[in-house]
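Participant: Residue numbers (the numbering used here), protein chains in the order written: chain A, 109 to 251; chain B, 3 to 138.
Careful, some of the hints might be misleading.
[Said to hold, decoys possible] Quick list of the computed label-pair ranges, beta carbon to beta carbon:
hint, chain 1, residue 1, chain 2, residue 2, range
1, B, Lys62, A, Leu191, 40 to 50 Å
2, B, Glu74, A, Leu238, 38 to 48 Å
3, A, Gly248, B, Ile64, 25 to 35 Å
4, A, Thr154, B, Lys62, 38 to 48 Å
5, A, Ile176, B, Asp84, 43 to 53 Å
6, B, Asn40, A, Met149, 33 to 43 Å
7, A, Arg177, B, Glu74, 34 to 44 Å
8, B, Ile64, A, Val189, 39 to 49 Å
Simulated from the structure, these hints should not be mistaken for lab results.
Here the structure is a predicted model, which is why all the values come from computation and not from measurement.
Note that beta-carbon positions come from the ideal geometry of N, C-alpha and C, so glycine has one too.
What follows is each chain in one-letter form.
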Amino acid sequence: MENFTPYSAFSGGILIGLAATLLLLFTGRIAGISGIMGGMMSADRTELFWRFAFLAGIVIGAFLFHQIRPDFYQPRENFPVWLLAFGGFLVGFGTRMGNGCTSGHAVCGIARGSIRSIAATITFMASGFLTVYIMRHILGLVT
Amino acid sequence: MKLIVMSLISGILFGIGLTLSQMTNPDKVLNFLDIAGNWDPSLIFVMVGALTVTSLFFRKIIKRPTPLFDKEFYLSSKSVIDKPLLIGAAIFGMGWGISGYCPGPSVAGLGLGTSEAVVMIFSIYMGFIAHRLYNK
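Produce the entire structure from the sequences given, and follow the hints as far as they go.
Facilitator: This is the structure in structure tokens:
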């Protein structure tokens, strides 16, 4: 477990929780990234603008932190593009069908006591564990 | 305008949090999901940290009549666990386990300068469109 980083993970989690709390308190919106991305496809002006601002904020925040502490990010090399695209497609399809992702269900939904979010979180975690098990230990596809 | 500035500030905090916690490292995400391998449980602390804050405040906030900068809260009113929820979550988990990216880190990746972010965002939108067609 040489790569175990509980403190930075916890601190980052606090910031994510704080971001979601501020968004809800001030704007009344849930910080669910898949929902915010999905709403970019069909929305009126105000809806489009706040969504764009939030997503742009994520890019800016990641960029700024990376400038100060580049050691927190290690780019992945040589991951097959077709496999990445296939995974991304499933992420898009699944989050639409299931009404949310890690942020909307696991961070926001559970906090407001949504039973749907609890069920969704258990399901996508279990599915993620199972998928990696099959990918790495049965198919031996990616290291 | 206030709404947009607040969304931007919240997004910036979110992006810093994702990068600091290393949710943006797909290898770390996959090592977190790989219990049978060289398991790295770090990322469970991201959820613990985030939920610590949101659990503390969310219920109090939604008891307010309105948010500070808008007229209403925009929350899902669904309360039944149905098939699309579970099947959708399972499909999302597959995509997450294959790629190592969920939607937030895919967006944050643009700020880190990785071409993987472009592939992810493009294919996520392909998935959105496919779901729209499937639902017709």
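Participant: Indicate, hint by hint, whether the structure satisfies it.
Facilitator: The hints, checked one at a time:
1. B/Lys62 - A/Leu191: 40 to 50 Å: holds, 43 Å
2. B/Glu74 - A/Leu238: 38 to 48 Å: holds, 39 Å
3. A/Gly248 - B/Ile64: 25 to 35 Å: violated, 47 Å
4. A/Thr154 - B/Lys62: 38 to 48 Å: With Cβ atoms ~26 Å apart, the hint is violated.
5. A/Ile176 - B/Asp84: 43 to 53 Å: Since A/Ile176 and B/Asp84 have Cβ atoms about 44 Å apart, the given range 43 to 53 Å holds.
6. B/Asn40 - A/Met149: 33 to 43 Å: holds, 39 Å
7. A/Arg177 - B/Glu74: 34 to 44 Å: holds, 39 Å
8. B/Ile64 - A/Val189: 39 to 49 Å: Distance hint for B/Ile64, A/Val189 holds at roughly 42 Å.
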